[in-house]
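S.K.: What follows is the residue order along each chain.
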Amino acid sequence: MSSLQQVPRLLALVPYLVRHPGARVADVAVDFGVSPEQVRRDLHVLWYCGVSGMPDDLIDINMDQVDQHGVIHLSNADFLSRPLVLSPTEALTLVVGLQALRQVAGPDAVGAIDQALAKVRAALGTRSELPDQVVVEVRSAADRVRATLDEAIARQRRIEMEYQPDHVLESQRRNVDPHSVAVRDGYAYLEAYDLDRQGWRSFRLDRIVDAVVTSIPAGQHGAAPSAPGRHWLSALDDADPVDLWLAADARWVAEKYPVEATRAATAEDAASAGVEPHPDDLVVTMLIAEPEWLTRLLLRLGQSARVLNADRWRAETTEAAERARRAIAMHQRVGEASGRVEA
Amino acid sequence: MAARKSERQMNLTIVLLAARGYLTRHQIRRRVEGYAGLSDSAFERAFERDKDDLRRYGMEISTGQNAEWAADEIGYRILRSEFELPPVHLTAEEAAVVGLASRAWAAHDLAGSTANAVRKLSLDSEAGSADLPWDPVVTVPEHVFTPFMEAVNTRTRIRFDYRNSRGEVSRRVLEPWGLSQTKGSWYVTGRDVDRDGRRTFKLDRVIDTPRTTGAAGSFDLPPGLDLAAIWAELADQPARSAVLALRPGTEAVLRRRGIDTDHPRPDGLPEDWTLLEVPYSYEPGLIGELAAAADNVLVLAPADLRERVLERLTGVTR
Chain A
1 MSSLQQVPRL LALVPYLVRH PGARVADVAV DFGVSPEQVR RDLHVLWYCG VSGMPDDLID
61 INMDQVDQHG VIHLSNADFL SRPLVLSPTE ALTLVVGLQA LRQVAGPDAV GAIDQALAKV
121 RAALGTRSEL PDQVVVEVRS AADRVRATLD EAIARQRRIE MEYQPDHVLE SQRRNVDPHS
181 VAVRDGYAYL EAYDLDRQGW RSFRLDRIVD AVVTSIPAGQ HGAAPSAPGR HWLSALDDAD
241 PVDLWLAADA RWVAEKYPVE ATRAATAEDA ASAGVEPHPD DLVVTMLIAE PEWLTRLLLR
301 LGQSARVLNA DRWRAETTEA AERARRAIAM HQRVGEASGR VEA
Chain B
344 MAARKSERQM NLTIVLLAAR GYLTRHQIRR RVEGYAGLSD SAFERAFERD KDDLRRYGME
404 ISTGQNAEWA ADEIGYRILR SEFELPPVHL TAEEAAVVGL ASRAWAAHDL AGSTANAVRK
464 LSLDSEAGSA DLPWDPVVTV PEHVFTPFME AVNTRTRIRF DYRNSRGEVS RRVLEPWGLS
524 QTKGSWYVTG RDVDRDGRRT FKLDRVIDTP RTTGAAGSFD LPPGLDLAAI WAELADQPAR
584 SAVLALRPGT EAVLRRRGID TDHPRPDGLP EDWTLLEVPY SYEPGLIGEL AAAADNVLVL
644 APADLRERVL ERLTGVTR
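Residue numbers (the numbering used here), protein chains in the order written: chain A, 1 to 343; chain B, 344 to 661.
The hints are simulated quantities; they were obtained by calculation from the structure and are not laboratory data. Note that the Cβ used here is the ideal one computed from N, Cα and C, for glycine as well. Incorrect hints may appear among the rest.
To be verified - Have a look at the derived ranges for each label pair, beta carbon to beta carbon:
| no. | chain 1 | residue 1 | chain 2 | residue 2 | range |
| --- | --- | --- | --- | --- | --- |
| 1 | B | R538 | A | S52 | 46 to 54 Å |
| 2 | A | V275 | B | R538 | 27 to 35 Å |
| 3 | B | F562 | A | R312 | 51 to 59 Å |
| 4 | A | G199 | B | R423 | 57 to 65 Å |
| 5 | A | E290 | B | A346 | 48 to 56 Å |
| 6 | A | N76 | B | W412 | 26 to 34 Å |
| 7 | A | V275 | B | E391 | 54 to 62 Å |
| 8 | A | A264 | B | E485 | 19 to 27 Å |
| 9 | B | F562 | A | G199 | 47 to 55 Å |
| 10 | B | I417 | A | S75 | 32 to 40 Å |
| 11 | A | V30 | B | D603 | 26 to 34 Å |
| 12 | A | M63 | B | R514 | 49 to 57 Å |
| 13 | A | E290 | B | E425 | 52 to 60 Å |
My request is simple: use the sequences and hints to build the entire structure.
M.R.: As structure tokens, this is what we get:
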């Protein structure tokens, strides 16, 4: 643990301990997000801090109480009984969290969030412009949909929603019992029990076209699973790997989607993909749970992507090519371009 | 080692805060235990670094002279009025949302900073309920985000290697003005020193760990800078519109973004297909989206968009 992390914590810890005489080590650890061992190490650093040569004014901690009872009594800390102003990092991390929350919380909570943001900004004094310098934008749902989700969660009601998953063509009617709204990687998700699929599912808020609260009480479905991490695809049972050659202009795929492995493309890869070798080409391995998703990815990428393990994904590559041919034929039949449309 | 440095910096803080007037370097060296036993040059180095760190923690270190000093003597102190956080009172509702927001950094190193902020703010506030159904986790590119944020905070230039979307690598020196996350990706915007102009970089494409260079406070934000306006360009701020026809019952995402259009219906378009105008700003993204929709969508205008979608689809048939 470097001093850059420890000293700011010590400066927050002293006024906290002055305010809470007899605080328990375990509670302090939770409140500061560190281990109980780290709290003990912090106390050993604080013990006897002060001005050299003035022993009566050194910070005193009853270490016997800490060691035997896990309880903290600290004295002689008058110089530090008020907290240091927020550091830029402390303020910004909190502001970013509040910004993210503001875009997923129900409309009723927005007032309290804005008040809190204003108070943090005021506390920054001369650095009050800082909260404008780091900004998160969360892909979320319209206020109307968020209000509906909020009401359904609060009243524990089932909702009926129109949802557009990214791997199927048509939007779907889904009946779900909502649990919570989470943000991951800049997107908001509804965590809910899906009555049609009989299981817990995540739904992207920006794909919820519409939602209504029903009069049906939400059912008991046990504990919601903890939020899946970045590699959510690998958690799916029926996922199969695809080895995808990507030209340099399709490298973004490796940044945007969860990939199992990434490497530079070799001459053999280029030959297998039927292209000229280029040093910036990539080969990625991704797990595919929905074949339709792969078909649409191939259509999206055009000549910049090729499936290397082609035998496994023959149906999907063939389907993509057929859809492309049909689309080209349709454009030749109908509606020759009729000029630019101005915004 | 870290513990000794932490203790020394705590002692320096207390000594500067307890001082009734300015303290000379000589006085500071005697009163801060961690400086005992250091050579003159080692003390100078440690003291300079400690001052930089204290400023990074948010402290203002005043420099000045006491009345009786010689003209060339410089002293240091921390004024209590500048050190202490004025009492901040959060209502129960505000404390509840602040508590939730503090979970945003989850297991990231920066989680500790948010926890400190919340503990400081909680001293004069009401207790907030933790029972709210929102979980706003912020994800950042590890190893890259924190140096950029520090550079923004301290107004320090930062140097990094960058791979652009075509795969070309170049070294950049940036005066970073701010950071923004949109559609899940983080961007840094600032003045590119070598190219002397405003540039925005995607943090995912920064190679290795960026390094700050030069002194803190070495640049100012341009007067009238409007970062929100710059970042609005990054998000999907529509600049143009496409005219599309959609097969019935398909592509709800495109359909939802569509607005009514008075564009003439082309001959031969089946009656149950919907004619829509879809605003867009980022053409490569829309081309991919329309290609993925394949024969569910007929692209009518603009002509160059239509051509590029057909080119993309031709690439799939080869």
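S.K.: None of the hints should be skipped; say for each whether it holds.
M.R.: Taking the hints in turn, this is what the structure says about them:
1. R538/B <-> S52/A: 46 to 54 Å: Holds - the Cβ-Cβ distance for R538/B and S52/A, about 51 Å, lies within 46 to 54 Å.
2. V275/A <-> R538/B: 27 to 35 Å: Between V275/A and R538/B, where Cβ atoms are some 33 Å apart, the hint holds.
3. F562/B <-> R312/A: 51 to 59 Å: 54 Å Cβ-Cβ, so the 51 to 59 Å window holds.
4. G199/A <-> R423/B: 57 to 65 Å: The hinted range 57 to 65 Å holds for G199/A and R423/B, with Cβ atoms some 58 Å apart.
5. E290/A <-> A346/B: 48 to 56 Å: Given a distance of about 52 Å, which is inside 48 to 56 Å, the answer is holds.
6. N76/A <-> W412/B: 26 to 34 Å: holds, 31 Å
7. V275/A <-> E391/B: 54 to 62 Å: This hint holds: roughly 56 Å between Cβ atoms.
8. A264/A <-> E485/B: 19 to 27 Å: holds, 22 Å
9. F562/B <-> G199/A: 47 to 55 Å: holds, 53 Å
10. I417/B <-> S75/A: 32 to 40 Å: Because 35 Å falls inside the window, the suggested range holds.
11. V30/A <-> D603/B: 26 to 34 Å: violated, 55 Å
12. M63/A <-> R514/B: 49 to 57 Å: holds, 51 Å
13. E290/A <-> E425/B: 52 to 60 Å: holds, 58 Å
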